[in-house]
Amino acid sequence: MADALAPSSAPASSRAGATKILDMSGIAKSYGATVAVRRVSFDIEPGEIHALLGENGAGKSTVVKVLSGIVAPDTGTLTLDGQPYAPATPMAARAAGVSTAFQELSLLPNLSVAENLMLPRQAKGAAGLVSVSQSRERAAAMLAEYGLGHIHPGVQVHALSLADKQRIEIMRAVARKPRLLVLDEPTAALSDPQWLFDILERITAAGTGVLYISHRLSEVRRLCRRGTVLRNGESIETVSLAGVEDAQIFKLMVGSAARDSHAARSSAPKDTAPEALAVTKLAGGTVQDISLRVGKGEIVGVAALEGQGQRDLFRMLAGLTHASAGEIRIDGKPVRLSNPADAAKAGIGFVPEERKTEGIFLGLQTDTNMTLPLLGKLSRFGVIDRTRETAAVLEEAGRVDMASRYLKLRIGALSGGNQQKALIGRVLMSGARHLVLFDPTRGVDVGTKAVIYDVIRQFVAQGGSALVYSTELAELIHLVDRCVVVYRGKVAGVAAGDDLTEPRLVALAAGHGA
Amino acid sequence: MNHPASTSMSTSSAQLRPQPWYRRMLSDGTTIIVAILAVLTVIFAATQADALSGSVLNDILNNSLPLALAAAGGTLVVLTRGFDLSVAGVVSLTNVLVAVYGGDGPWGALQGAAIAIAAGAAVGAINGYLVAYWNLQSIALTLASMIVCSGVTLLILDAPGGNVSDFMTYTLTDRIGGVVPAALVIAVVAYALWRILRRTDWGVGLYATGADEAAATLAGVPVKRVKLISYVLAGVCYGLAGFMLTAQTSTGTPNAGDPFLLLVFAAIALGGTSFAGGRGGVAGSMLGALTLTLLQKVLFSTGVSSFYTGIFQGVVMIAAVVVAVVFARIGSRGEALA
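Residue numbers (the numbering used here), protein chains in the order written: chain A, 1 to 514; chain B, 1 to 338.
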């Protein structure tokens with residue numbers, strides 16, 4: 001069965017002259033000043049499973065959204081079966097023959113499996129009203145056809161396992177008999193993807209095109225003959241996968257392979273530094289088993305693909321997520337961090353992922369935002385001492401290189417970069433000794449990034465320690481001493497020294513480390 | 001989505017079936033409100049001799065109906081994960097409109113009902129359009145429309161008055177053929193209409209929209225239209241509530257709707273509808289309204305001062321919410337084990 005999927009015998013090769021299922025050329029999309037995709041072009045032939053490869057933030061999900069009618073591209077053209085294709089809504093995309101199984105799953109937890117499968121139009125019985133029995137009958141037939149007979153159509157979706165939810169999401173997309181099927185990380189929750197491979201074999205034999213997005217390169221190699229590599233919102237190259245090695249693909253995803261790795265890193269081996277912050281066999285949330293240690297004066301990076309548990313790891317260190325097992329040690333002493341106040345008391349300064357919702361108070365002035373956590377220290381008999389507040393803020397603003405004219409403005413009016421500087425300034429002012437930074441340079445400009453790097457380096461040089469997660473691997477390599485790679489809630493490997501290169505990190509993050 | 005606990009392969013287990021009826025009843029808010037109602041009825045029957053007589057029951061139903069209709073309407077908006085505060089304004093407005101422009105006899109009452117429904121639908125349409133298509137916050141917007149409606153009400157009638165026909169005052173609040181209370185018939189008809197609407201694509205889309213708007217959009221649910229229709233239907237319900245309030249009080253009072261603002265949400269919460277959207281239903285809210293009214297009667301019949309009414313209503317609400325959470329936990333625990 002699976003052999004028929006071997007790339008060489010893909011039906012596409014015999015129909016090279018036929019009209020392409022999809023032809024995407026020069027697609028660009030920006031959200032305000034943020035460029036999501038710059039220039040993406042590729043095509044899919046009938047019966048082809050085409051891979052879309054790229055790091056986090058390379059623009060894959062934007063391509064999915066464009067194809068599914070969720071966002072309209074700013075420029076560029078799309079043709080589907082030779083016809084111009086510009087869907088305005090998800091329903092228009094579906095009507096034109098494109099259906100998508102979304103990574104974040106588009107199932108409604110409070111509806112039954114049958115209702116979900118029938119959306120938006122349920123089966124109708126007498127008097128044009130929804131017939132539950134007919135909907136269930138049709139859903140049961142559909143489930144049986146795709147080998148999911150173990151799921152009762154009347155079950156509410158929230159009761160299903162994540163794997164079954166993913167199967168239903170895929171099945172719903174396939175069952176619409178599309179011309180182009182878009183699968184965004186379809187196997188993320190499937191422990192046995194053979195079920196999906198069998199379906200793909202069936203539909204590609206009938207000429208359907210498939211866009212397959214997965215970070216599992218082994219799967220991609222097995223299914224796809226060609227793949228397009230995205231980097232920074234551009235399609236770099238469409239490669240014939242049979243002819244290239246994994247390492248070469250990772251290089252294409254990352255860019256110039258030999259980027260000068262790290263500038264101002266002290267060469268002193270830091271393994272001997274006294275332990276500042278460490279976790280042992282930590283579990284909780286999506287974290288299965290993570291152990292790592294950050295020495296005094298050390299910057300340790302965390303790299304991972306989307307949703308591998310890094311978020312919960314950082315939230316546990318910030319006292320926001322409950323740790324179910326394992327130990328967190330600070331300066332060698334075990335601590336329990338059951339809420340953010342515990343974490344702050346233990347000396348952890350946490351900079352969260354969502355600046356706007358978790359970090360700052362948009363309606364307040366910048367200086368007030370910075371002094372909020374230490375108002376107690378700045379006040380006398382419960383009344384804030386404005387002179388001391390101003391002095392403290394000015395000093396801190398100097399450290400994070402923020403112009404003092406911003407201090408009296410509402411922080412919401414500042415650029416993302418300056419907001420982030422204020423937020424980091426606040427964490428430093430609070431007297432934290434261990435920085436825990438989750439994607440601290442997200443959405444900030446290059447100049448601010450440099451400032452943030454300097455602040456972190458200075459901070460550890462003065463005896464602090466820092467744990468940094470970033471979606472940008474280049475940034476980690478530039479900044480950190482060692483990098484721990486997390487994959488599926490566990491440590492996949494540690495890269496340091498000469499090993500600290502992007503291809504190495506990408507390979508580890510994709511589970512190819514061993 | 002981030003719960004890895006449920007990733008066990010279900011192929012190993014037998015077919016996953018819907019929960020058995022007793023579990024579903026536990027996690028369904030309506031069960032709790034029926035239980036509370038039963039307890040209150042027993043207390044009421046024990047403390048007042050003629051509690052179960054036709055005329056007393058008719059009285060209770062009449063007193064509950066306006067709130068029940070308004071709560072039914074409010075539920076539609078809460079199910080979309082919105083809040084509709086305009087209820088107080090619309091009830092006042094339609095109360096005054098019916099008192100001033102309603103005619104005599106059955107046809108006059110019909111004319112009054114038509115005016116009330118039209119006014120309610122118009123306010124609901126404006127609310128719904130602005131919330132759904134302009135993405136305005138429902139609380140802020142409907143607060144504004146409540147204030148506007150109250151203002152318009154004062155322009156129509158600036159002091160209690162108006163002229164309500166005998167047909168409305170007596171026939172609409174009486175028992176049909178001396179047996180079935182008219183209020184009960186109206187409530188049952190309203191509930192039946194909801195059951196029918198529930199079995200349309202709008203009805204399924206309503207729950208989808210409330211649970212997860214983004215996912216509903218991806219699944220093809222016309223989310224904006226679903227919301228618009230919810231607000232319009234809610235407005236119609238408020239209009240009917242104002243109409244029945246007029247019949248019951250036989251007068252037009254410019255601030256008659258004010259008590260509805262909080263009581264509507266109390267009835268919805270009592271009925272087990274989640275303010276997070278996508279869970280609950282109209283039946284619970286209507287029974288919740290009945291419970292709040294019956295509670296007043298019980299306090300009166302047991303000789304508790306009416307000053308305590310608010311305290312007891314609040315305590316019953318807290319109890320209902322706590323019990324609902326406990327039951328939901330038990331329900332979902334069974335699920336995880338299954």
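Derived from the structure by calculation, the hints contain no laboratory data.
Quick reminder that beta carbons are idealized off the backbone N, C-alpha and C, glycines included.
Take the hints with a grain of salt, since some may be wrong.
To be verified - Not everything, but these chain B residues come out facing chain A in the computed CB check (under 8 Å): (1) 81; (2) 200; (3) 204; (4) 205; (5) 219; (6) 221; (7) 224; (8) 258; (9) 261.
- Which of the listed hints are not met by the structure? When the structure is compared with the hints, numbers 1, 7, 8 and 9 turn out to be violated.
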